[in-house]
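Asker: Residues per chain, in single letters:
Number of protein chains: 2
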Amino acid sequence: RVLRRHLRFPPFPWNTRAVDDLLRCGICFDYFSIAMMIPQCSHNYCSLCIRKFLSYKTQCPTCCVAVSESDLKNNRTLDELVKSFNSARKQLFQLVLDTPLISSPL
Amino acid sequence: RVLRRHLRFPPFPWNTRAVDDLLRCGICFDYFSIAMMIPQCSHNYCSLCIRKFLSYKTQCPTCCVAVSESDLKNNRTLDELVKSFNSARKQLFQLVLDTPLISSPL
Ligand SMILES: [Zn+2]
Ligand SMILES: [Zn+2]
Ligand SMILES: [Zn+2]
Ligand SMILES: [Zn+2]
Chain A
575 RVLRRHLRFP PFPWNTRAVD DLLRCGICFD YFSIAMMIPQ CSHNYCSLCI RKFLSYKTQC
635 PTCCVAVSES DLKNNRTLDE LVKSFNSARK QLFQLVLDTP LISSPL
Chain B
575 RVLRRHLRFP PFPWNTRAVD DLLRCGICFD YFSIAMMIPQ CSHNYCSLCI RKFLSYKTQC
635 PTCCVAVSES DLKNNRTLDE LVKSFNSARK QLFQLVLDTP LISSPL
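Just so you know, the sequences run in chain order A and B. So the first sequence is residues 575 to 680, counted in the numbering used here. So the second sequence is residues 575 to 680, counted in the numbering used here.
No lab work stands behind these hints: they were computed from the structure. From a predicted model like this one, the values you see are computed outputs, not experimental measurements. The beta carbon of each residue, even a glycine, is placed where N, CA and C say it ideally should be. Hints are not guaranteed to be accurate.
DEER-style ranges, computed between Cβ atoms [said to hold, decoys possible]:
| id | chain 1 | residue 1 | chain 2 | residue 2 | range |
| --- | --- | --- | --- | --- | --- |
| 1 | A | C602 | B | Q614 | 24 to 32 angstroms |
| 2 | B | Y630 | A | A592 | 15 to 23 angstroms |
| 3 | B | Q614 | A | D672 | 27 to 35 angstroms |
| 4 | B | S621 | A | T632 | 40 to 48 angstroms |
| 5 | A | Q668 | B | R625 | 21 to 29 angstroms |
| 6 | B | C615 | A | D672 | 34 to 42 angstroms |
Straight line, CA to CA, 25 angstroms or less: simulated BS3-like cross-link-like pairs of lysine-lysine [to be verified]:
| id | chain 1 | residue 1 | chain 2 | residue 2 |
| --- | --- | --- | --- | --- |
| 7 | B | K647 | A | K664 |
| 8 | A | K657 | A | K647 |
| 9 | B | K664 | A | K626 |
| 10 | B | K664 | A | K647 |
| 11 | B | K647 | B | K657 |
| 12 | B | K647 | A | K631 |
| 13 | B | K657 | A | K647 |
| 14 | A | K626 | A | K657 |
| 15 | B | K657 | B | K631 |
| 16 | B | K626 | B | K647 |
| 17 | A | K626 | A | K647 |
| 18 | B | K626 | A | K664 |
| 19 | A | K647 | B | K626 |
| 20 | B | K664 | A | K657 |
| 21 | B | K647 | A | K657 |
| 22 | A | K631 | A | K657 |
| 23 | B | K631 | A | K647 |
| 24 | B | K631 | A | K657 |
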């Protein structure tokens with residue numbers, strides 16, 4: 575595999591890192607899987623992650639607002655964003671790999 | 575300004591189009607401005623757009639589920655995603671402009 579040290583642009587993922595961070599669950603740090611929003615504070619977690627957490631402590635793991643399981647609301651747009659972002663990310667990564675080396679001896 | 579017809583990769587915005595679509599309000603078609611979620615159906619709109627709509631008809635403009643203004647919940651992650659996505663988008667666009675033409679006569 576060719577090292578691509580000579581690419582003129584900064585290494586992937588540039589500013590997409592901030593988007594990536596926003597699409598990750600604060601409990602498992604993976605991308606949201608069935609994102610649930612806590613309406614009181616607008617924080618989101620995977621459905622399984624937050625249900626497990628609430629069975630142990632009835633508060634938001636990030637901001638500590640009081641929460642019960644029945645407060646949780648599906649945030650489906652986040653699930654769709656995870657899918658679309660990952661597909662865009664793969665395409666962008668391929669673009670970086672396909673871009674010729676600027677200072678290549680060819 | 576140079577025409578960049580010879581870029582090897584497909585024109586911007588590739589698959590980021592799907593992400594872009596998900597970050598737009600179905601009423602004004604612009605990016606969300608203070609995104610509000612309807613918890614009954616998980617649809618999102620700008621705060622002003624959906625409040626104006628509900629004063630006229632008390633249902634979701636997309637799926638027609640019954641909604642009152644007090645049901646609306648701030649979906650802050652979408653506002654943050656709009657900001658981060660736009661900043662990443664500008665950077666990616668710059669990358670396309672900065673990439674040398676593959677079939678340039680130089
Ligand atoms: Zn999780
Ligand atoms: Zn919280
Ligand atoms: Zn709007
Ligand atoms: Zn709806």
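Asker: So, for every hint listed, does it hold in this structure?
Answerer: Against the structure, the hints:
1. A:C602 / B:Q614: 24 to 32 angstroms: Holds: the Cβ-Cβ distance is about 27 angstroms, inside 24 to 32 angstroms.
2. B:Y630 / A:A592: 15 to 23 angstroms: The hinted range 15 to 23 angstroms is violated for Y630 (chain B) and A592 (chain A), with Cβ atoms some 36 angstroms apart.
3. B:Q614 / A:D672: 27 to 35 angstroms: violated, 45 angstroms
4. B:S621 / A:T632: 40 to 48 angstroms: Hint violated: Cβ distance 29 angstroms, outside 40 to 48 angstroms.
5. A:Q668 / B:R625: 21 to 29 angstroms: violated, 42 angstroms
6. B:C615 / A:D672: 34 to 42 angstroms: holds, 41 angstroms
7. B:K647 / A:K664: violated, 32 angstroms
8. A:K657 / A:K647: Measuring from Cα to Cα gives roughly 19 angstroms; hence the hint holds.
9. B:K664 / A:K626: The hint is violated at about 39 angstroms.
10. B:K664 / A:K647: violated, 32 angstroms
11. B:K647 / B:K657: OK: K647 (chain B) and K657 (chain B) at ~19 angstroms, within 25 angstroms.
12. B:K647 / A:K631: The hint holds at about 23 angstroms.
13. B:K657 / A:K647: Satisfied, since the Cα-Cα distance of roughly 23 angstroms is no more than 25 angstroms.
14. A:K626 / A:K657: Distance of about 24 angstroms is within 25 angstroms: holds.
15. B:K657 / B:K631: violated, 30 angstroms
16. B:K626 / B:K647: holds, 16 angstroms
17. A:K626 / A:K647: holds, 16 angstroms
18. B:K626 / A:K664: violated, 39 angstroms
19. A:K647 / B:K626: Judged against 25 angstroms, a Cα distance of about 24 angstroms means the pair holds.
20. B:K664 / A:K657: With Cα atoms ~21 angstroms apart, K664 (chain B) and K657 (chain A) stay inside 25 angstroms; holds.
21. B:K647 / A:K657: Holds, because 23 angstroms separates the two Cα atoms, which is no more than 25 angstroms.
22. A:K631 / A:K657: violated, 30 angstroms
23. B:K631 / A:K647: holds, 23 angstroms
24. B:K631 / A:K657: violated, 32 angstroms
The earlier numbered hints that this structure contradicts are 2, 3, 4, 5, 7, 9, 10, 15, 18, 22, 24.
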